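K.L.:
In case you want the letters, here they are:
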Amino acid sequence: MNYPKELFYMKSHEWVKFLDDATALVGISDHAQDALGDLVFVNLPQAEDAVTAGESFADVESVKAVSDVYSPVTGTIAEINEALLDSPELLNQDPYGAWMIKVVNVTDHADLLSAEDYEKMIAEEA
Amino acid sequence: MKLIFEASRQGRGCSLLPACDVPVYALDAAAGRKNPPRLPEVAEIDLIRHYSALAKRAYGVNDGFYPLGSCTMKYNPKINEEIASLPGFTRIHPLQPLAMSQGCLEVLKLAEGYLCEITGMDAMTLQPAAGAHGELTGMLLIKAFHQSRKDTKRTKIIVPDSAHGTNPASAAMAGFDVVSIPSTEEGMVDVAKLREAVGDDTAGLMLTNPNTVGLFDKNILEITEIIHKAGGLNYYDGANLNAIMGKARPGDMGFDVVHINLHKTFATPHGGGGPGSGPVGCKAPLAVFMPGAPIREAACWADTGDQELEIIKRAAAEQAEGTAPPPKNDEEKEIQKAAKELLARLQQAAGPELEFGPVSPLSIGSVRAFYGNFLVVVKALTYILTLGKEGIPEASENAVLNANYLMSKVKDLYPVAYGKHCMHEFVVTLEALKKETGISAMDIAKGLLDFGIHPPTMYFPLIVHEALMLEPTETESRETLDEAAEMLRKLHEIAKTDPDILHAAPVTTTVQRLDEVGAARHPKLHYAFPE
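Those protein sequences? They're chains A and B, same order as listed. Going letter by letter, the first sequence gives residues 0 to 125 in numbering that gives the first Met the number 0. Going letter by letter, the second sequence gives residues 0 to 530 in numbering that gives the first Met the number 0.
These are calculated hints, taken from the structure and not from any lab test. Being a predicted model, the structure only gives us computed values, none of them experimental. The reader is advised that the hints may include incorrect statements.
[Stated by the list, open to error] Below, simulated DSBU-like cross-link-like pairs (lysine-lysine); rule was C-alpha separation at most 30 Å, straight line:
(1) B/K192 x A/K10
(2) A/K119 x A/K10
(3) B/K228 x A/K119
(4) A/K63 x B/K419
(5) B/K217 x B/K246
(6) A/K119 x B/K217
(7) A/K63 x B/K246
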């Protein structure tokens with residue numbers, strides 16, 4: 000399993016990449032896509048929607064289940080990754096390339112883990 | 000096998016409908032469609048063969064063991080079908096005069112009464128067409144209750160993380176926000192977390208008990224009290240009622256609203272054999288919000304409060320049923336004489352004994368036309384009357400016994416997710432097996448198909464990884480359970496010795512491993528006729 004060092008992670012298995020202090024990309028981790036299995040549907044919010052750290056902003060559906068995706072940051076959505084709507088499998092193929100939302104005006108963030116701590120948490124859960 | 004659309008030839012058809020013998024009314028042209036729908040056109044023989052072919056490919060409870068957890072796939076006794084086919088029940092229209100449908104009204108009233116008794120509720124509506132429809136109806140009742148008290152800040156419904164997916168969906172459909180609370184390591188509701196979650200915005204709680212891991216929540220009285228103290232109401236999802244029928248009642252556990260799945264607990268067919276039926280019951284304070292018109296005794300039979308008249312009416316009823324005892328003294332003779340006169344007057348008037356009362360002005364409104372899936376209610380009532388007061392709890396006892404028996408025969412190989420004993424179903428986790436052999440819960444489920452067993456529920460509840468949920472029900476024999484246990488053990492062995500067999504399973508079925516991902520990503524929902 001792959002957990003890039005430059006990203007931060009939530010206990011609920013989302014990653015966030017800070018492009019600068021107030022701008023971030025958000026997606027789901029390699030572990031999340033593996034546990035969910037083949038994704039068949041992604042429900043994304045719209046640009047200009049507000050997101051709140053720790054609250055659900057999207058859901059992803061696999062053959063097994065529908066799961067909420069939680070936002071690591073508080074801010075405004077500048078852009079969504081529209082490619083995911085037609086090709087949810089991108090989240091399986093390249094979880095860190097397939098960002099879900101780009102958030103601007105970031106004012107707050109949830110409890111975040113480093114790649115090392117996140118990997119440790121997953122090892123403990125298993 | 001060809002699709003019915005592929006067998007279609009323009010101009011072919013069957014004359015299944017008789018000629019119309021009533022005046023034809025033209026609908027408003029604006030409401031009509033522009034072009035006729037393109038329906039398959041086939042001869043009767045092609046149609047019959049099509050359905051026969053489908054039936055051969057289907058697998059139902061009449062074909063073999065069907066331990067689909069949380070669905071209570073018990074045998075549907077054929078006497079239910081026999082009673083529901085009586086012409087008095089089938090050749091009737093809901094708008095027929097009341098005097099001609101007294102038997103049907105009595106069925107509805109009896110069914111309401113027994114279901115109230117079994118669940119500990121005060122009122123029951125038979126309208127909802129299935130479980131999730133019942134959930135939505137129940138949520139609307141809870142919403143109407145709070146709104147009638149102008150308590151509009153109650154917008155949150157609390158749902159444990161082990162709940163059926165329909166629970167949060169129904170709450171959201173009714174306009175509530177859903178708050179999920181975690182389960183404890185024992186698989187119960189986390190009472191401390193529940194206490195933190197409640198407040199003056201709590202509209203209610205949705206819970207099934209026994210819960211989705213097959214355990215009876217021992218804190219249930221405390222849980223329902225926490226919600227009541229916060230000003231909320233408790234909703235009981237009847238999915239797992241089969242474990243406790245005639246033993247414990249949701250109404251006595253502190254629940255205010257329940258739904259029942261007649262197609263699970265009361266032995267009426269599921270799915271394609273359905274339709275379903277999801278009656279909703281409630282406690283007295285919520286009855287004014289119920290959908291539809293209540294069935295009541297006609298005014299002439301209802302209690303007048305006049306003691307003397309009531310005695311005469313009771314005697315008249317006895318005479319009508321032929322159960323009147325011979326009079327012991329002059330006073331009784333007088334009463335019987337008056338009763339005879341009253342009966343004669345009533346019979347002359349030929350008024351119905353049962354009628355519909357007015358719809359409550361606070362009602363949430365009808366959730367389905369007329370009285371719901373009436374014939375399903377007939378079947379469920381037949382089941383209740385066949386089992387009786389002794390048989391109903393015995394069915395639950397055997398359901399729990401069967402589940403524990405099967406569990407004990409496989410749990411050394413299939414670790415149980417929670418608890419030592421289960422209620423009517425149990426959940427095993429194949430996480431360790433998957434790590435060791437690469438064989439997942441899905442592979443085992445597919446392997447069972449090759450042994451002629453319907454797979455258990457998979458990957459549910461979500462809090463258990465690689466979950467299989469087995470519910471054998473009370474109608475399976477010991478031999479069937481022994482055989483199923485043996486096959487599960489055999490599959491476990493195959494997983495360790497020759498996993499490729501299971502990756503390829505099933506091979507004996509009409510269709511093999513299906514591309515579920517492809518079907519979900521690119522569903523084909525329309526048939527395009529070649530032009």
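K.L.:
Could you run down the list of hints and mark each one as holding or not?
P.N.:
Okay, the hints, checked on the actual structure:
1. B/K192 x A/K10: Holds. B/K192 to A/K10 sits at ~18 Å (cutoff 30 Å).
2. A/K119 x A/K10: holds, 11 Å
3. B/K228 x A/K119: Roughly 41 Å between the alpha carbons, so the hint for B/K228 and A/K119 is violated.
4. A/K63 x B/K419: Holds. A/K63 to B/K419 sits at ~27 Å (cutoff 30 Å).
5. B/K217 x B/K246: holds, 15 Å
6. A/K119 x B/K217: Not OK: A/K119 and B/K217 at ~35 Å, beyond 30 Å, violated.
7. A/K63 x B/K246: violated, 34 Å
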